[in-house]
Amino acid sequence: MSHKAVKSSRPTLSPSPAVEVRAAPHRSEVMPRKKIDLGEIEYLRILDEHGEVDEALEPKIDGDELLRIYRAMVLTRKLDIRMLTMQRQGEMGTFAPGIGQEATQIGQIYPLGKDDWFSPSYRCFGAQLWRGWTIEGLMLLWDGFFEGFEIPQGVHDLPFSIVVGSHVPVAVGVAMGIKNRGGDAVMLTNFGDGAMSQGSVNEAFNFASVYKAPIVFVCENNGYAISVPVEKQAGISELARRGPGFGIRSMRADGNDVLAMIVATTEAVQRARAGDGPSLIEAVTYRMSLHTTADDPKVYRRDEEVEQWQAKCPIARFEKYLMNKGLLDPQAIGRLGDECEQEVLEARTRFRERAKARPREVFEMMYEELPPELDQQRREYLAKLDRKGVQ
Amino acid sequence: MPKMNMVEALNLALDQNLANDDRVCVLGEDVAVDGGVFRVTKGLLEKYGEDRVIDTPLAEGAIIGAAVGMAVYGLRPVAEIQFSGFTLQAFDQIEQNMARLRHRSHGRYPISMVMRAPYGGGIRAVEHHSESREAYWAHTPGLKVVIPSGPRSARDLLHAAIDDSDPVIFYEPKALYRAFREDVPDQPQKIAIGKAQIARQGTDITLIAYGAMMRPALEAAQDLKDLHSIEAEVIDLLSISPMDTQTLVESVSKTGRCVVVHEGPRCCGIAAEIIARINEHAFEHLLAPIKRVTGYDIHFPYFQCEQHYLPDADTIIEAANETLQYE
Ligand SMILES: Cc1ncc(C[n+]2csc(CCOP(=O)(O)OP(=O)(O)O)c2C)c(N)n1
Ligand SMILES: [Mg+2]
Numbered sequence: 001m002s003h004k005a006v007k008s009s010r011p012t013l014s015p016s017p018a019v020e021v022r023a024a025p026h027r028s029e030v031m032p033r034k035k036i037d038l039g040e041i042e043y044l045r046i047l048d049e050h051g052e053v054d055e056a057l058e059p060k061i062d063g064d065e066l067l068r069i070y071r072a073m074v075l076t077r078k079l080d081i082r083m084l085t086m087q088r089q090g091e092m093g094t095f096a097p098g099i100g101q102e103a104t105q106i107g108q109i110y111p112l113g114k115d116d117w118f119s120p121s122y123r124c125f126g127a128q129l130w131r132g133w134t135i136e137g138l139m140l141l142w143d144g145f146f147e148g149f150e151i152p153q154g155v156h157d158l159p160f161s162i163v164v165g166s167h168v169p170v171a172v173g174v175a176m177g178i179k180n181r182g183g184d185a186v187m188l189t190n191f192g193d194g195a196m197s198q199g200s201v202n203e204a205f206n207f208a209s210v211y212k213a214p215i216v217f218v219c220e221n222n223g224y225a226i227s228v229p230v231e232k233q234a235g236i237s238e239l240a241r242r243g244p245g246f247g248i249r250s251m252r253a254d255g256n257d258v259l260a261m262i263v264a265t266t267e268a269v270q271r272a273r274a275g276d277g278p279s280l281i282e283a284v285t286y287r288m289s290l291h292t293t294a295d296d297p298k299v300y301r302r303d304e305e306v307e308q309w310q311a312k313c314p315i316a317r318f319e320k321y322l323m324n325k326g327l328l329d330p331q332a333i334g335r336l337g338d339e340c341e342q343e344v345l346e347a348r349t350r351f352r353e354r355a356k357a358r359p360r361e362v363f364e365m366m367y368e369e370l371p372p373e374l375d376q377q378r379r380e381y382l383a384k385l386d387r388k389g390v391q
Numbered sequence: 001m002p003k004m005n006m007v008e009a010l011n012l013a014l015d016q017n018l019a020n021d022d023r024v025c026v027l028g029e030d031v032a033v034d035g036g037v038f039r040v041t042k043g044l045l046e047k048y049g050e051d052r053v054i055d056t057p058l059a060e061g062a063i064i065g066a067a068v069g070m071a072v073y074g075l076r077p078v079a080e081i082q083f084s085g086f087t088l089q090a091f092d093q094i095e096q097n098m099a100r101l102r103h104r105s106h107g108r109y110p111i112s113m114v115m116r117a118p119y120g121g122g123i124r125a126v127e128h129h130s131e132s133r134e135a136y137w138a139h140t141p142g143l144k145v146v147i148p149s150g151p152r153s154a155r156d157l158l159h160a161a162i163d164d165s166d167p168v169i170f171y172e173p174k175a176l177y178r179a180f181r182e183d184v185p186d187q188p189q190k191i192a193i194g195k196a197q198i199a200r201q202g203t204d205i206t207l208i209a210y211g212a213m214m215r216p217a218l219e220a221a222q223d224l225k226d227l228h229s230i231e232a233e234v235i236d237l238l239s240i241s242p243m244d245t246q247t248l249v250e251s252v253s254k255t256g257r258c259v260v261v262h263e264g265p266r267c268c269g270i271a272a273e274i275i276a277r278i279n280e281h282a283f284e285h286l287l288a289p290i291k292r293v294t295g296y297d298i299h300f301p302y303f304q305c306e307q308h309y310l311p312d313a314d315t316i317i318e319a320a321n322e323t324l325q326y327e
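Protein sequences, first through last, are from chains A and B. For the first sequence, the working numbering gives the first residue as 1, with consecutive numbering after it. For the second sequence, the working numbering gives the first residue as 1, with consecutive numbering after it.
Hints are not guaranteed to be accurate.
Which chain A residues face chain B? A few, computed with CB under 8 Å, are given here [said to hold, decoys possible]: (1) Gly93; (2) Gly144; (3) Gly194; (4) Ser197; (5) Val228; (6) Lys232; (7) Leu385.
FYI, nobody ran anything at the bench for these hints, they're computed from the structure. Keep in mind the model is a prediction, meaning the values are calculated, not measured. Cβ atoms here follow ideal geometry from the backbone N, Cα and C, with glycine treated the same way.
From just these sequences and the hints, can you work out the full model?
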């Protein structure tokens, strides 16, 4: 193979014609050359990493509820850690832990009512549990059992999405359906910083804006899309700035501050319910752990960076807040932690009992009614299983 | 000759092409700093710099569209799509631009580029990470589609694909990435895209396969000999499009019997095309209807059930025996 230069293979063009451009005057009196207002974007933090709270911004939530929120965050963390251990021991498939994103998850889901809709992406155990999905269900599906995807009774969420951003237009469609039928439910959907680069997501933003769909978009900016840092993902550093370009009201929130997430989402949900259309919330958080269990972050990020974020841990921060309020003390923290651990372990027992592959059912749910030709394939397949003695 | 697995062999092919031709560049999600989620592009950033080994935003449509544009300008991009499931995000760019721009520009802009993507099942992956949809691309005029079956063919085919003046879809059977090692010579063996290889000679029946299915096909051939004294000829298709009709037809004309194996769904799959060609050119030599051992026309099962979905040696032997017993 010869060494061929790129430039020689293309003709050189003559330079562009000279146009002398004058510096824009501050304001022109004759023709319009003026600034266009793109709207303002707020950044919100209510509770900082030292547990310091801004009382003017603090939402009014009663003590039991605050503890319920705290417990949900702890349970999420315990589940992630347990599943990491299970994965290492060969008892779990590849999965995406959400460690560090608990406040983003629980904060966004807290304002949603039972009749509202939720369409999550794959790194969202905490919010899914809050909605009524079960721990053993999540374990089953991440360990490759189809049963895990069964949507629990009374929950009308969509199954989480694995193809980045592909669920977002669908979520908008659900919101359009709600509006079409005059319902007052709201759809909330989430996705990562990487998903902001997908065409489907941007098309969905525009649809939501055009149809004033009752939807809340939560972009969980955890700093990375696998190895690619958000600085290389986008040409702007605040992803929320994309919203106004679509005519979508946007806010940036500290995603490690559960109170900020609750306030940002509550406002967005209220607007959507009131018929004021979509909102985008960029939750600024950090993926403390692996992209998935197949990933090695040491290749692309430094330990010091992770340590810096360790200090901003969403659970520790909320814990301080609750202690200051007199709602928690070290014993209660220990007790709650044990309780959550126990809950995960009990669910693991149920998971183990149910973790039986059902190869005879892989043709189920394909169609309302299996076309005859496909039914023939099914019978061929079952005969194969019979020959092999597979139950 | 060093023994390499498929990941290392592909890495070698990319490395040599980047070294020998400064028009070659590599782009995709996580290909540079991370070295690719399967490590196929490992070490290339350090050697060739970020202008030639490019981490992209998470947007498959733009990866392929931009690669097409780079090819228009005279570069030779090798775009990686992280999993073949996400080539569908780029379907538009592949069909409308990658495959057509040579024609639309009256030959001014031949699109010499490669789209690499791991495909297929067998690695206990989550949903959307196990499909085999090579038939989509074979169905698109203007593209070439190749699939290696081991480290050596991976290396040689990737050289051929990068060298080719037309756009090539290069599907990598991810189940084979680290499955076995082969001697991979220092310099690539020149192979032509569009040629199949006879992987095992035989006279009684022809087994046609490609990619990860070559292993069960060869295993079945060995068992047929050991257990039934049947001499099966095994053809490694290598090039899905264009297809080496001649090699297929010659073999089946000799054996009169044939089983085609692939893991993708059966309906409108590659086997259907192969059978049509054999019917067109070797009908009078056929002693039995040709059988297909393929994936089923259902969504790829969640991984606890995937081994039952995928064709295996037993199923191939079963089909071969039915074909052989046909009168
Ligand atoms: C369309 C598509 N392309 C590529 C992938 C492979 N992939 C899975 S997750 C991921 C990164 C996603 O990053 P982000 O959107 O920031 O979400 P995070 O994983 O950080 O939660 C990639 C590239 C995919 N699942 N879907
Ligand atoms: Mg991210």
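Quiz item: Taking each numbered hint in turn, which are not upheld by the structure, reported in ascending numerical order?
Solution: Going through the list in order, the structure violates no hint and respects every one.
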